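> Input sequences plus hints: build the corresponding full structure.
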Amino acid sequence: MPGRKCGQPLVSVVMPFRDSAETLPEALDSIQSQTMEDFELLAIDDGSQDCSAEILRGRLKSDPRFRIFSPGRVGLVRALNLGLRESRAALVARMDADDIMHPRRLELQHKFLGKRPELALAASRVEMFPPENVKGGYLEYLRWQNRLTRPVEIGANIYWESPFVHPSVMFRKELVLRLGGYRQGPFPEDYELWLRIFQAGGFMAKLPKVLLQWREHPGRVSRVDPRCSREAFDRIRAWYLGKDSRLLTQREWVIWGAGGSSRKRARLLMEQGVRPSAWIDVDPKKIGKQIWGLKVYAPCWLEERRHRPLVLVYVRSRGAKEQIREYLCEIGYQEGPDFFPVG
127 MPGRKCGQPL
137 VSVVMPFRDS
147 AETLPEALDS
157 IQSQTMEDFE
167 LLAIDDGSQD
177 CSAEILRGRL
187 KSDPRFRIFS
197 PGRVGLVRAL
207 NLGLRESRAA
217 LVARMDADDI
227 MHPRRLELQH
237 KFLGKRPELA
247 LAASRVEMFP
257 PENVKGGYLE
267 YLRWQNRLTR
277 PVEIGANIYW
287 ESPFVHPSVM
297 FRKELVLRLG
307 GYRQGPFPED
317 YELWLRIFQA
327 GGFMAKLPKV
337 LLQWREHPGR
347 VSRVDPRCSR
357 EAFDRIRAWY
367 LGKDSRLLTQ
377 REWVIWGAGG
387 SSRKRARLLM
397 EQGVRPSAWI
407 DVDPKKIGKQ
417 IWGLKVYAPC
427 WLEERRHRPL
437 VLVYVRSRGA
447 KEQIREYLCE
457 IGYQEGPDFF
467 PVG
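Heads up, the working numbering is the position in the sequence shown plus 126, with the first residue counted as 1.
Warning: the hint list may mix true and false statements.
Below, in silico cross-link-like pairs of lysine-lysine (BS3-like), each with a Cα-Cα straight-line distance of 27 Å or less [said to hold, decoys possible]:
id: 1; residue 1: K411; residue 2: K390
id: 2; residue 1: K447; residue 2: K369
id: 3; residue 1: K335; residue 2: K299
id: 4; residue 1: K261; residue 2: K299
id: 5; residue 1: K421; residue 2: K411
id: 6; residue 1: K421; residue 2: K390
FRET-style restraints, in silico, Cβ to Cβ [stated by the list, open to error]:
id: 7; residue 1: Y453; residue 2: E300; range: 38 to 48 Å
id: 8; residue 1: L303; residue 2: G419; range: 40 to 50 Å
id: 9; residue 1: N259; residue 2: R183; range: 25 to 35 Å
id: 10; residue 1: D164; residue 2: Q449; range: 46 to 56 Å
id: 11; residue 1: Q175; residue 2: L303; range: 39 to 49 Å
id: 12; residue 1: P229; residue 2: A446; range: 34 to 44 Å
id: 13; residue 1: E456; residue 2: D176; range: 24 to 34 Å
id: 14; residue 1: G327; residue 2: G399; range: 33 to 43 Å
id: 15; residue 1: R444; residue 2: G386; range: 56 to 66 Å
id: 16; residue 1: G201; residue 2: H343; range: 33 to 43 Å
id: 17; residue 1: K411; residue 2: H343; range: 40 to 50 Å
id: 18; residue 1: G133; residue 2: G386; range: 52 to 62 Å
id: 19; residue 1: V350; residue 2: P463; range: 13 to 23 Å
These aren't lab readings, by the way, just hints derived from the structure by calculation.
Since the model is a prediction, treat every value here as computed from it, not as a measurement.
We put the beta carbon where it would ideally sit given N, CA and C, even for glycine.
Given below as structure tokens:
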């Protein structure tokens, strides 16, 4: 990579861990089996009480690319930022201590970002394992995020859900540090960072290849941490959507979905000081009524407008969402510039 200093690795792998002795050896084996050998691993011990740190120190003796930091129990965000500050490469790859890298992951992501200097971040498709533990909601999430590979697709769906599995990403360190690194708060730190990169104008993409095995288990952070709750996602999404001046201040906009769940989430958006011009709904009991001083229209109203408004689709039901998408495309709307699904 141009400008690389002597002795500077091509990629820094940042991996916080805590009480991961059961899965850590397999994760480390996958890191050491990478076809691209010029990397460093920064392992941050977030106050482990098992033998995880001893396992890492054992590997240090035979692999000088491994570095371990023991700041005590500081929490995931501070551990991630410590890894960022101490990393020496221009590219940072995330990894978790319970996942498994494909042998060519670092090689392929490094080459991809080298060929695409306009990209801030490159992730990959993922698979969950063991398969018998992977149930309905996560299966649907994997199908959804794995099909989003191009920047335009990711940008069009950024307000629906996190488009990346965190330990599958590789990003440009300088950009993330310039944006403030990971932020601490009552929200998922990874999704908040993707939203911040997006609003800063950064392009993000995904290699159309499975480069990470993502372990499913009951103790996974996304299952047990309140920062990853549905409400936490709703609030951080609404906060960033309300700040997106490219969407909500340059064009009339409406919300599709006047049901109770949609209204609850729409209220979070309106609390940011923005307000749509109308609701769209297919329920004849709602059409023509006023909700919060805004009239509810049938979808055909969109076709009658001389200047068609931007549509935020707040309907969460998968079947209904796909029908809405199909209808909007049929009347000439494009996903991304003209309508966004909002989770």
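> Each of the hints needs a verdict: does it hold here or not?
Here is what the structure says about each hint:
The straight-line distance between the Cα atoms of K411 and K390 is roughly 19 Å, inside the 27 Å bound, and the hint therefore holds. For the suggested pair K447 and K369, the alpha carbons sit about 24 Å apart, so the restraint of at most 27 Å is met. Taken as a hint, the K335 and K299 pair is honoured in the structure, with Cα atoms around 23 Å apart against an allowance of 27 Å. About 34 Å separates the Cα atoms of K261 and K299, which puts this hinted pair outside 27 Å; it is violated.
About 13 Å separates the Cα atoms of K421 and K411, which keeps this hinted pair within 27 Å; it holds. With a CA separation close to 17 Å, the supplied pair K421 and K390 stays within the 27 Å bound. For the pair Y453 and E300, the beta carbons lie near 43 Å from each other, so the given range of 38 to 48 Å is met. About 44 Å separates the C-beta atoms of L303 and G419, a value consistent with the hinted range of 40 to 50 Å.
Between N259 and R183 the CB atoms are about 31 Å apart, so this pair conforms to the stated range of 25 to 35 Å. With their beta carbons about 50 Å apart, D164 and Q449 fall inside the hinted range of 46 to 56 Å. One distance hint, 39 to 49 Å for the beta-carbon pair Q175 and L303, is violated here, with the actual separation near 31 Å. A C-beta distance of roughly 41 Å is found between P229 and A446, which places it inside the suggested range of 34 to 44 Å.
At about 56 Å, the CB distance of E456 to D176 disagrees with the hint of 24 to 34 Å. Distance hint check for G327 and G399: the Cβ-Cβ separation is about 22 Å, which falls outside the suggested range of 33 to 43 Å. Here the CB-CB span from R444 to G386 is close to 18 Å, at odds with the stated 56 to 66 Å. The hinted range of 33 to 43 Å is not satisfied by G201 and H343, whose Cβ atoms lie roughly 20 Å apart.
At roughly 44 Å, the beta carbons of K411 and H343 sit within the given window of 40 to 50 Å. For the pair G133 and G386, the beta carbons lie near 59 Å from each other, so the given range of 52 to 62 Å is met. Checking the proposed 13 to 23 Å range against V350 and P463 shows it is violated: the Cβ atoms sit about 38 Å from each other.
Checked against the numbered hints given earlier, the structure breaks hints 4, 11, 13, 14, 15, 16 and 19 and satisfies all the rest.
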